[in-house]
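Fit chain R to the supplied structure of chain E, relying on the hints for placement.
Those sequence lines, one after another, are chains E and R. Residue numbers for the first sequence follow the numbering used here, beginning at 1188 and rising by one. Residue numbers for the second sequence follow the numbering used here, beginning at -17 and rising by one.
Simulated from the structure, these hints should not be mistaken for laboratory data. Certain hints may be false.
Calculated cross-link-like contacts (lysine-lysine; reagent style DSS-like; alpha-carbon spacing at most 30 Å) [to be verified]: (1) R:K53 x E:K1229; (2) R:K39 x R:K65; (3) E:K1287 x R:K52; (4) E:K1287 x R:K53; (5) R:K39 x E:K1287; (6) E:K1229 x E:K1188; (7) E:K1287 x E:K1229; (8) R:K(-9) x R:K65; (9) E:K1188 x E:K1287; (10) E:K1229 x R:K(-9); (11) R:K(-4) x R:K65; (12) E:K1229 x R:K52; (13) R:K65 x E:K1229; (14) E:K1287 x R:K(-9); (15) R:K(-9) x R:K53; (16) R:K(-4) x E:K1188.
Simulated restraints, written as ranges between beta carbons of each label pair [said to hold, decoys possible]: (17) R:A63 x E:S1246: 41 to 49 Å; (18) R:G22 x E:T1232: 14 to 22 Å; (19) R:D20 x E:S1257: 25 to 33 Å; (20) E:H1299 x R:T59: 36 to 44 Å; (21) E:P1269 x R:Q38: 38 to 46 Å; (22) E:S1257 x R:D36: 41 to 49 Å; (23) R:Q38 x E:A1216: 15 to 23 Å; (24) R:A43 x E:S1239: 23 to 31 Å; (25) R:T82 x E:R1259: 14 to 22 Å; (26) R:T61 x E:Q1268: 41 to 49 Å; (27) R:N10 x E:A1196: 36 to 44 Å; (28) E:Q1268 x R:Q32: 34 to 42 Å.
Calculated Cβ distances over 12 Å to all of chain E for the following chain R residues [as the list claims (entries may be wrong)]: (29) K(-9); (30) R(-5); (31) Q19; (32) L25; (33) L27; (34) N35; (35) R50; (36) K53; (37) S62; (38) E81; (39) T82; (40) Q83.
Glycine is no exception: its CB is placed at the ideal position from the N, C-alpha and C atoms.
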Amino acid sequence: KQEVTQIPAALSVPEGENLVLNCSFTDSAIYNLQWFRQDPGKGLTSLLLIQSSQREQTSGRLNASLDKSSGRSTLYIAASQPGDSATYLCAVSGGTSYGKLTFGQGTILTVHP
Amino acid sequence: DGGITQSPKYLFRKEGQNVTLSCEQNLNHDAMYWYRQDPGQGLRLIYYSQIVNDFQKGDIAEGYSVSREKKESFPLTVTSAQKNPTAFYLCASSIDLEETQYFGPGTRLLVL
Chain E
1188 KQEVTQIPAA
1198 LSVPEGENLV
1208 LNCSFTDSAI
1218 YNLQWFRQDP
1228 GKGLTSLLLI
1238 QSSQREQTSG
1248 RLNASLDKSS
1258 GRSTLYIAAS
1268 QPGDSATYLC
1278 AVSGGTSYGK
1288 LTFGQGTILT
1298 VHP
Chain R
-17 DGGITQSPKY
-7 LFRKEGQNVT
3 LSCEQNLNHD
13 AMYWYRQDPG
23 QGLRLIYYSQ
33 IVNDFQKGDI
43 AEGYSVSREK
53 KESFPLTVTS
63 AQKNPTAFYL
73 CASSIDLEET
83 QYFGPGTRLL
93 VL
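Next up, chain E with everything else stripped away, as it sits in the complex (with noise of 0.2 Å):
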């Protein structure tokens, strides 16, 4: 069964600083991996999604990068600003779970003036 973990949990860091987002996954055999931003009491926004082929993929100031063959993918986020101020969630579907999507728990990133 496809187990989905993110570190840190949640993640503290004044304006302007660049910032990492990790995602683990146990089952490498994934079709593609997602990455939400979700604000409070809200809906899931899609930021980025990496096909199992590709390396990396980027949209303005984020960059989200994928290593299949050790189950790990990364979310950059450069000179951080305050609405960055949200949950991210990392999601992976195929496999087993052709189809489905498994989230991570999310991190809680704050973004201070």
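The following block gives chain R in isolation, referenced to the frame of chain E:
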């Protein structure tokens, strides 16, 4: 505007009552999903549907039921058999399975 809508935003359930959560999308997506989120936890899949008139159980389907009679609609019924229904319920859709999922704003279900 294209997107996914969920209603109501808040829902209160009495003991022994069935309640239905609405999910509608106008993105012309074939696949739709229902997730449950508990405080401090990630999302868990309840049911998903790849196409109209077809749906599959997810990881925590017990006490829930769904229907997919129309492409744009995927309602979730929380039955009286679900003993711990208090949670945040999220609906999502995608062009097909394994593609990027787009989420609605969620419904918070509370038990009276």
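Here's how the hints hold up against the structure:
1. R:K53 x E:K1229: Distance ~24 Å between R:K53 and E:K1229 Cα, so the pair holds.
2. R:K39 x R:K65: holds (18 Å)
3. E:K1287 x R:K52: Given that 30 Å is the threshold and the Cα spacing comes to 21 Å, the pair holds.
4. E:K1287 x R:K53: holds (19 Å)
5. R:K39 x E:K1287: The hint holds at about 10 Å.
6. E:K1229 x E:K1188: holds (28 Å)
7. E:K1287 x E:K1229: Roughly 21 Å between the alpha carbons, so the hint for E:K1287 and E:K1229 holds.
8. R:K(-9) x R:K65: holds (21 Å)
9. E:K1188 x E:K1287: With a Cα-Cα distance of about 12 Å, the restraint between E:K1188 and E:K1287 holds, given a limit of 30 Å.
10. E:K1229 x R:K(-9): holds (10 Å)
11. R:K(-4) x R:K65: holds (11 Å)
12. E:K1229 x R:K52: holds (26 Å)
13. R:K65 x E:K1229: At roughly 24 Å apart (the allowed maximum being 30 Å), E:K1229 and R:K65 satisfy the hint.
14. E:K1287 x R:K(-9): The given pair, whose Cα atoms are some 25 Å apart, holds under the 30 Å limit.
15. R:K(-9) x R:K53: At roughly 22 Å apart (the allowed maximum being 30 Å), R:K53 and R:K(-9) satisfy the hint.
16. R:K(-4) x E:K1188: Violated: R:K(-4) and E:K1188 sit about 35 Å apart, past 30 Å.
17. R:A63 x E:S1246: 41 to 49 Å: Given a distance of about 42 Å, which is inside 41 to 49 Å, the answer is holds.
18. R:G22 x E:T1232: 14 to 22 Å: Holds, at about 20 Å.
19. R:D20 x E:S1257: 25 to 33 Å: holds (30 Å)
20. E:H1299 x R:T59: 36 to 44 Å: Given a distance of about 43 Å, which is inside 36 to 44 Å, the answer is holds.
21. E:P1269 x R:Q38: 38 to 46 Å: This hint holds: roughly 41 Å between Cβ atoms.
22. E:S1257 x R:D36: 41 to 49 Å: Because 36 Å falls outside the window, the suggested range is violated.
23. R:Q38 x E:A1216: 15 to 23 Å: For E:A1216 against R:Q38, whose Cβ atoms are near 20 Å apart, the range 15 to 23 Å holds.
24. R:A43 x E:S1239: 23 to 31 Å: Roughly 27 Å apart at Cβ, these two residues keep to the hinted range, so it holds.
25. R:T82 x E:R1259: 14 to 22 Å: At 21 Å between Cβs, range holds.
26. R:T61 x E:Q1268: 41 to 49 Å: holds (44 Å)
27. R:N10 x E:A1196: 36 to 44 Å: holds (38 Å)
28. E:Q1268 x R:Q32: 34 to 42 Å: Holds, since E:Q1268 and R:Q32 (Cβ atoms, about 39 Å apart) stay within the stated range.
29. K(-9): Given that some Cβ of chain E is not farther than 12 Å from that of R:K(-9), nearest at about 9 Å, it is violated.
30. R(-5): R:R(-5) is indeed farther than 12 Å from all Cβ atoms of chain E, at 19 Å.
31. Q19: violated (9 Å)
32. L25: The assertion about R:L25 is violated, with a minimum of 5 Å to chain E.
33. L27: violated (5 Å)
34. N35: holds (17 Å)
35. R50: holds (14 Å)
36. K53: R:K53 clear of chain E: closest Cβ-Cβ about 17 Å, beyond 12 Å.
37. S62: holds (26 Å)
38. E81: Nearest chain E Cβ is 8 Å from R:E81, so the label is violated.
39. T82: R:T82 is in fact no farther than 12 Å from some Cβ atom of chain E, at 5 Å.
40. Q83: violated (7 Å)
Violated hints, listed in ascending order, are 16, 22, 29, 31, 32, 33, 38, 39 and 40; each of the other numbered hints is respected by the structure.
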